[in-house]
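Generate coordinates for the entire structure from the input sequences, incorporating the hints supplied.
Listed here are the chains, written in short residue letters.
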Amino acid sequence: MHYLVEPGFLGSPSVRTALIVGTVVAVTSGVIGVFTVIRGQSFAGHSLSDVATTGGAGAFLAGIDQFWGFLVMGAAAALLMEGIGVQRRRGRDVATGVVLGGALGLAALFLYLGTLKTASTGASFTILFGSIFVVSPDTVPAVVAAGLIALAVIALLARPLLLTALSPDIARTRGVPVRAVGIAYLMALAVDVSLSAVAIGAVLSTALLIGPAATALRLVKSPVKAMAVAAAAGLAATWIGVLLAYDSYYWPPHGHGWPVSFFVVALVLAGYLATYARRPRRLLPRSPHEEAAECSPA
Amino acid sequence: MFTGLMANTWIAASVVAVIAGMTGYFAVLRGQTFAAHAIPNGAFAGAAGASLIGVNVIVGLAVVAVAGALGIGALGSKARHDVITALTLVLMLGLGAVFVSMSTQYAQETYSLLFGQVTGVSQGEVAPIAGLGLAAALAIGVAFRPLMLTSALPEVAEARGVSTRKVDLYFLLVMAVATSMTVPVVGALLMFSLMIGPAAAARSVTARPGVALALSVAIALAITWLSIALFYRTNWPLGFFVGTGGALFYLVGLGARRLAVPRSLTRS
Amino acid sequence: MTELLKLDGVGVRLGGRQILDDVRFEVRPGEFSGIIGPNGAGKTTLLRVILGLIPSAAGKITRPPTIGYVPQKLNIDPDVPLRARDVVSLGLDGHRIGFSFPSRKRRDLVEKALADVGAGDYASARVGELSGGQQQRVMVAHALISRPSLLLLDEPLANLDLAIEQEIVTVLAKLAREHEIAVMLSAHDMNPLINVMDRIIYVANGKVATGATDDVVTTEGLSELYGHHVDVLHVHGRVVVVAG
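Residue numbers (numbering that gives the first Met the number 0), protein chains in the order written: chain A, 0 to 297; chain B, 0 to 267; chain C, 0 to 243.
These are calculated hints, taken from the structure and not from any lab test.
A few of these clues could be false.
Just some of the chain A residues that point at chain C, by a computed CB distance under 7 Å [claimed, not checked]: (1) Ile37; (2) Arg158; (3) Ser166; (4) Thr172; (5) Val177.
When the alpha-carbon atoms are kept at most 27 Å apart in a straight line, the in silico BS3-like pairs for lysine-lysine are as follows [unchecked claim]: (6) Lys224(A) - Lys111(C); (7) Lys5(C) - Lys173(C); (8) Lys206(C) - Lys72(C); (9) Lys104(C) - Lys59(C); (10) Lys173(C) - Lys111(C); (11) Lys224(A) - Lys206(C).
Note that beta-carbon positions come from the ideal geometry of N, C-alpha and C, so glycine has one too.
This is the structure in structure tokens:
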């Protein structure tokens, strides 16, 4: 019988790096994910993560840290999306799908050429499915800084973002530069997708963006609470995921750790499904009596 | 270029292209492009699992693809289950990652399942791919008229006793068959390009259903053949040529439409 | 009393087409005006040019410093975590950067705005889950809290059932009377508004006729506006415009 926490968990430097990166990623994704769902742009998040794959593969080919590849490609794609307006709902499925296919094709090429050059075959697996345990300690400051910048942008723009989500026309009449705010938000989203790609891999990064936010939407009604719940849910999934992945080195088959990303994604999905076990959500507004009763102790 | 293993490749890839062009045409027409994205991604786990326990990859693909098609059909692709579906898909990709991480030669395996590896088509795989292709083509041929009717005028179809739900499910199963044969050749991530790119390009050039279907198949064949030829010359991954080829044809189709139709008519 | 809003010979061209031509009218504080006309006549364009969302090609517009705007429809899914009170609070300072910090004063202002439109009961419900009429009230409260002197509403009565339609009109008429806010709303049917309108702004064929309802809505006047013959019929106290 094994311990719940296998020996040496907290002593390992790669575990500490993983926990720092995981924390930054979970909090940033929780907050930005709530805005993404409110603005109806989950699709943009998904597209950015596909394009980030190309960036990661390109960085591998160029021999630099994949985080920079994710970041540069994500930001470029966000600008392009804003330019051609694919983040809107109308007519986006086919066009973006096909263009994303092109980007993934390019990723395939970069990975192939990179493998020829360096003869290290593990890279494609790391880029696609992530490996939070092999994040280089040199990248950690950049990851933390990027997360903080993204959070700061969102904190500054929180009110205009919500107002624009409510109605772009109202926002415009109140003097909000709707387009500029939208671009700033997409940039923050691109940064977040890059962080998430470092932690759980480019093709899986949507899970941390959408899952905790969707869980929060089912549980609470106010935007601030939703952000807090989403960040907490993301943190729980990442930390437990890191722990389980560390423990899994001791599971059969021996010597093969299970990927962290699998645990994180599975926990995120489980958390979302667990919200269905709660009492069904009320569709009708509550009566004033109930409201008062609930508020009085606080 | 046309001998030995490459001959198998040409045959298998041509069958795949024809089926992808056909199913893609109906997927675009019916607005079921989401399924063309979801089923292959989910099937990746099946392929990886099968290769781990030493079963034929096509069998693994088929089992998960059919299960996925039934699942999407049960949930209803238009219902508000998008979060569950998206997370389930990502989980399937993650599960695939677990399976390949346990096998010994995992990097190569992941890579070819996701991005395709056409040289891997062996003599033994040509027969099942051709068989599945024939089955998918027959299935579409038999149900051609109900498929058209429910795509174009769902209410009329219902009124005439054709169940849109049943036709939807039927078509999803055809997609599952197409997935099982396409993924080994072009990969899970790029199957969408081969299915949707040609169909979308064909649709923007012509409005006539028969012509569009034929054109979609022709474009899919052209992309595939060109990709194999270029692959043979450069040894670059097939997925690269298929992915960029799909995007290129789609953009050319859009451009042709812009030129042919005055701007005032396309805006509304 | 001086006018709040003045349009002097305003024209709008969109995509090479003349949508509105030589529009002139003025609105005073506390006035209730209805922008009436058939679908596609240019009612929404008129609202948007008053708001400054689209430029005018000709003429001059004098606007009040703050205009409250209630769009026709909200595109908010039911599960979006924005309560009615959050929406109203955004009306206060949603255009500024940074978070807003909760305070007693803010809460009182929000409660009052919601109470003014009779939406106090569902202050803590998600807006996406509210019915069309409830959403309208919340959006009116959202506009009110910025203390506008002019309130514009785009088709607020569309898709509401008759009883709720009348309730909304009553709330708006009361706001105009008690808060001295000029209310302008667009509608394709003038009948729900006939008793409360101080002024009708009838839009047809890209042109505008304005004045008291009885002066504007006549067979002769509207026939000239439409450019072909129409009949204005009075049936059981209701007004019907039919092509003749």
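Going through the hints against the structure:
1. Ile37: Constraint on isoleucine 37(A) satisfied, holds at 5 Å.
2. Arg158: Arginine 158(A) check passes; min Cβ-Cβ to chain C is 5 Å, inside 7 Å.
3. Ser166: At about 5 Å, which falls below the 7 Å cut-off, the nearest Cβ of chain C leaves the hint on serine 166(A) intact, so it holds.
4. Thr172: holds (5 Å)
5. Val177: With a minimum Cβ separation of about 10 Å from chain C (threshold 7 Å), the hint on valine 177(A) is violated.
6. Lys224(A) - Lys111(C): Roughly 24 Å separates the two Cα atoms, so the pair holds.
7. Lys5(C) - Lys173(C): holds (23 Å)
8. Lys206(C) - Lys72(C): holds (26 Å)
9. Lys104(C) - Lys59(C): violated (39 Å)
10. Lys173(C) - Lys111(C): At roughly 15 Å apart (the allowed maximum being 27 Å), lysine 111(C) and lysine 173(C) satisfy the hint.
11. Lys224(A) - Lys206(C): Violated: lysine 224(A) and lysine 206(C) sit about 50 Å apart, past 27 Å.
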